[in-house]
Amino acid sequence: MKDLKHLIYFENLLQEANNDLVKQAKADGKRAIGYTCYFMPEVLLDLPGCFSVRLRAPRCTSPDIATYYMSSRVCHYARSLMERALEGGFNFLDAQMATETCTATCRFQEHLEQKHLDSVQDMRIIDNDDFFCSFTDVPFKNNQISYEHFAEQLRVHVLGELHNHFGIDVSDDAIRAAVEQQNEVSRLMQEIGSYRKLDNPTITGYEYHVIQLCTLACPKYLILPYLRETAEELKTREPDLKKEFRCKVVLAGSENDDPDFTKLVESCGARVVCDRYCYGSVESRQIIELPEGVDPVFAIAKHYLSTSNCPRFMPQDEMRARKKRIADLAKEYHADGVIIASNKFCEYWSYERVIDTVILNRDFGLPVCSIEKEYINSASGQLRTRFQAFVESVEIKHIQEGK
Amino acid sequence: MAIKFDVSGLKESFSKQVAVMKKEGLKKTAENFWYGRPHTADEGGRRIGELFENKTGLYKHREWRGVKDTMYYFYMIWLYNYIFMVKDVMVMGGLVNFAKGVWRYRWVGQTYLPVLHWFDRGLQGMRGEAMAASAWHYRGMVSTTIRQFQRMFAADTRLHGGKQNDIYKHTFAHNETVWGGMFYPWSDKFQNVPLEMIPYFVTCHVNSHVVLNYIDAVQSIGLPGDPCPMCQAESGIFVLDDVPDYAPLVVTCNEACDASVSTSTLQDWFFDKPLFSLPMPMLFDDPLVKKYCEREIEECWKFIEQQTGVPFNWDQMVKKLEAQNELQRFEWEKWDVICHSDYYPVNGVAQALYRIYQTQYGEWEIWHKCDRKVRKIMEKCVSKKINPFPQTRHRVIAWSCAPLYYSNWCTWAYNCWGLNVVINMDSLMFDMTIRTDSYENMLEDVAQYHMWAPMRRMAVGGMKHMFELWEYMERFNCDMVAMYDQLQCKGVQGVHGLFEDEFRRRDVKAFWIPHALPDCRTVSRAEIRRLINDYMSTVMHEEPLDPSLLDFDDSMTW
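So the sequences go chain by chain: A and B. All residue numbers for the first sequence refer to the numbering used here, where the first residue is 1237 and numbers rise by one. All residue numbers for the second sequence refer to the numbering used here, where the first residue is 100 and numbers rise by one.
Just to be clear, a hint being listed does not mean it is correct.
Below are the EDC-like pairs computed for lysine to aspartate or glutamate, each with C-alpha atoms no more than 20 Å apart in a straight line [stated by the list, open to error]:
{"no.": "1", "chain 1": "A", "residue 1": "K1238", "chain 2": "A", "residue 2": "E1252"}
{"no.": "2", "chain 1": "A", "residue 1": "K1238", "chain 2": "A", "residue 2": "E1480"}
{"no.": "3", "chain 1": "A", "residue 1": "K1351", "chain 2": "B", "residue 2": "D385"}
{"no.": "4", "chain 1": "B", "residue 1": "K401", "chain 2": "A", "residue 2": "E1384"}
{"no.": "5", "chain 1": "A", "residue 1": "K1559", "chain 2": "B", "residue 2": "D371"}
{"no.": "6", "chain 1": "A", "residue 1": "K1580", "chain 2": "B", "residue 2": "D371"}
{"no.": "7", "chain 1": "A", "residue 1": "K1351", "chain 2": "B", "residue 2": "E599"}
{"no.": "8", "chain 1": "B", "residue 1": "K608", "chain 2": "A", "residue 2": "D1366"}
{"no.": "9", "chain 1": "A", "residue 1": "K1580", "chain 2": "B", "residue 2": "D325"}
{"no.": "10", "chain 1": "A", "residue 1": "K1351", "chain 2": "B", "residue 2": "D384"}
{"no.": "11", "chain 1": "B", "residue 1": "K159", "chain 2": "B", "residue 2": "E111"}
{"no.": "12", "chain 1": "A", "residue 1": "K1351", "chain 2": "B", "residue 2": "D371"}
{"no.": "13", "chain 1": "B", "residue 1": "K390", "chain 2": "A", "residue 2": "D1366"}
Since the hints were derived computationally from the structure, they do not count as laboratory data.
Pulled out of the complex, with its shape left as it was, chain A reads as follows:
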């Protein structure tokens, strides 16, 4: 296929957290608000006067100082963020909107926080006098009590803090404007992503992954023109005459902000047609509905809890529904199988991966490739062998089924 016009630009934006668009937004006088987890509604961090940056630590392969502070037995993602922060890579942040949604990233964010305690000395990792860190409690369930609690948490710990520290307008109108902006991003990403459903998709999983990450790591108002142009470009993009893949897969699992991982999967013959992982678009690029007469913060709280497929949700029905959602996605995107990938030391996804591996195959007949990976995948040779074997097994299944 012909290269996308902005692909190299998008790729370059992902080389540093403090990328060109972030710098431009800061120069425009906007506040950069960091976050790590889907449960922190990015839309509230994109209110007029500030912008959200979902933290990444690209190319961090050796988090030595972070390993001293967090030990080698904590997930590489959290340690890489810590290392990048210690290196000064996040000094552009004006605030970190933290969640206690997984232990490792919670600890990372606690390290960022200025606690002003006698019992432990602060490290002042973020060298920015304005910087503060605020924690939000995220419920473990998807029910009315949880929506109300989460909405209250967002009002106090996100909106209240942004307003108090930076005078950000947190009125309903401002929130509606932010939602409208995010919904435009989501509509464009849905449109761009829809080409993955074609029999011969006109966008690769890698390209989509890169674009999706840009929407998370860059100010929305600055990335939007590029998205519009890319969406337009894709309308006429011709696929290769000969398919460059041997099967199509849903990539599901834990944190994944490494497009090279998707590239690795695709280089083995599996086209990634759906991205159901943290930093993926399945949840984050859904349209947020703000019904008339409903408090917008409540609607946002409900949206983020009800769209999440995180294994952090405990109840029985949620656990069972998550499996079905992956199976439904495989059907919707015409995938031949599922790759479930969990980051090493990610406890949620270690378990979820085990259950998915059994259930998706047993109850839904989907071939599953179960992978444990690092944040930055240096062991690509081993993974390549696994993916190649998986692709072959899917092909054999097709032959046996007479397809």
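Given chain A, work out where chain B should sit, using these hints.
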């Protein structure tokens, strides 16, 4: 056929004793017989390490503690507990149910018989009041354990031809990390039994090998080895279908960590029963969080009402909470004695295990009985100024989560180095009574208690709580920290470096104890001892009180 006795060993032992008598003289020998050998090497010490058989840790012969203490140990601890272990089984469910349970579930058979060895390990070298008071704590735990597994067996559909009997219909199952007090309002009609407390938690203290099978089982279905091994074991008992089916409903929770949430989901998958997920919010300092927690607790109570058709009984709740508060008030008295004197008679392992068991399981009559016995001994120590741990060189606070397979390390540390673990983090978690003057106050306190759970109150819920260590260190007059380093606990690992920094900055004497909770294969008991030995000799420049305990092989011991 004639039976031949090999008397060569006896002859050798007798010859040794004669040689020692000749060397020490008759008077000293008589003293050692009457009072027991003194503790330290300087005084011609007792050399406890020479009592063990290599590898198994079994005793070559019983420890001689002097006439009085040996007799006390034999009659009031060894025999008394054996008798009550049989009596409790008969009274609380009967021998038939017990026999069926032993036949069906490997965890009970493998732990019931070594129980007295568990006593021996924890009470090794103890004398007088320390031995007696600590043993009463052990007695409380054994009785409560028997009561729980007997209830499980009496209700278990698997042991009763698939029938859901009346006991089954009057039992609640819940995660061991759900505080038993949640079920107080129904405790006049129902009993609650945690799912994992006996099959996993208690068993790995008594026999460290039992749990390994469960960890291997869950890894055999694809779980990596790095999640918390406690959660792995809790999952493994389900993978191997080694949990009785004893209740019509289940209450689970997310306590204490990410892996606990995942364990609950994996258990649900196997269980497939009416289930309520009771969230335990992490950021418990936030008043808004507490309100949310209160609402979820009320939802849980509604769920129980709906499932059982039995309404919430306020009077029963008050009655049980008042009784629990009495236990808490005695605990505060104990802390007072620890903080302000050297007369506290309970050793580190008994203090830690009894307290976490009692507070987590909830109020029960045996705790009161044991507390009355301990009170009597403690009051005697205080009034007569008896120091039950006279060889104390350092008063130690143990922080973070302890190795379950070697919870008695502190008994060893006192015997070998004079390290007296006077208090530990798990004992300090539930530092509150619960108000019963109104429903609102009760609910608020129940929510607080619920959120101050084991492995949670200090270990997560905000980094600052972890560093409350200094405050407690001062309060309990400690000069040293035993810092547990649970290698697979992401919460504690995530602040490892900050502790190193603070220990240096404050010049606090601290040694790390790496471990993997129940899994003795990751860091062996011998390795833990070696690390402490190294610290005490190279950093503290001290000589051991009993050099025979420095190095021995107990790799196969229960």
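Verification of the hints:
1. A:K1238 with A:E1252: violated (26 Å)
2. A:K1238 with A:E1480: holds (13 Å)
3. A:K1351 with B:D385: holds (15 Å)
4. B:K401 with A:E1384: holds (19 Å)
5. A:K1559 with B:D371: holds (16 Å)
6. A:K1580 with B:D371: violated (29 Å)
7. A:K1351 with B:E599: Holds, at roughly 18 Å.
8. B:K608 with A:D1366: Violated: B:K608 and A:D1366 sit about 37 Å apart, past 20 Å.
9. A:K1580 with B:D325: Cα-Cα ~8 Å, so holds.
10. A:K1351 with B:D384: holds (14 Å)
11. B:K159 with B:E111: Roughly 14 Å between the alpha carbons, so the hint for B:K159 and B:E111 holds.
12. A:K1351 with B:D371: violated (44 Å)
13. B:K390 with A:D1366: violated (31 Å)
Of the numbered hints listed earlier, those contradicted by the structure are 1, 6, 8, 12 and 13.
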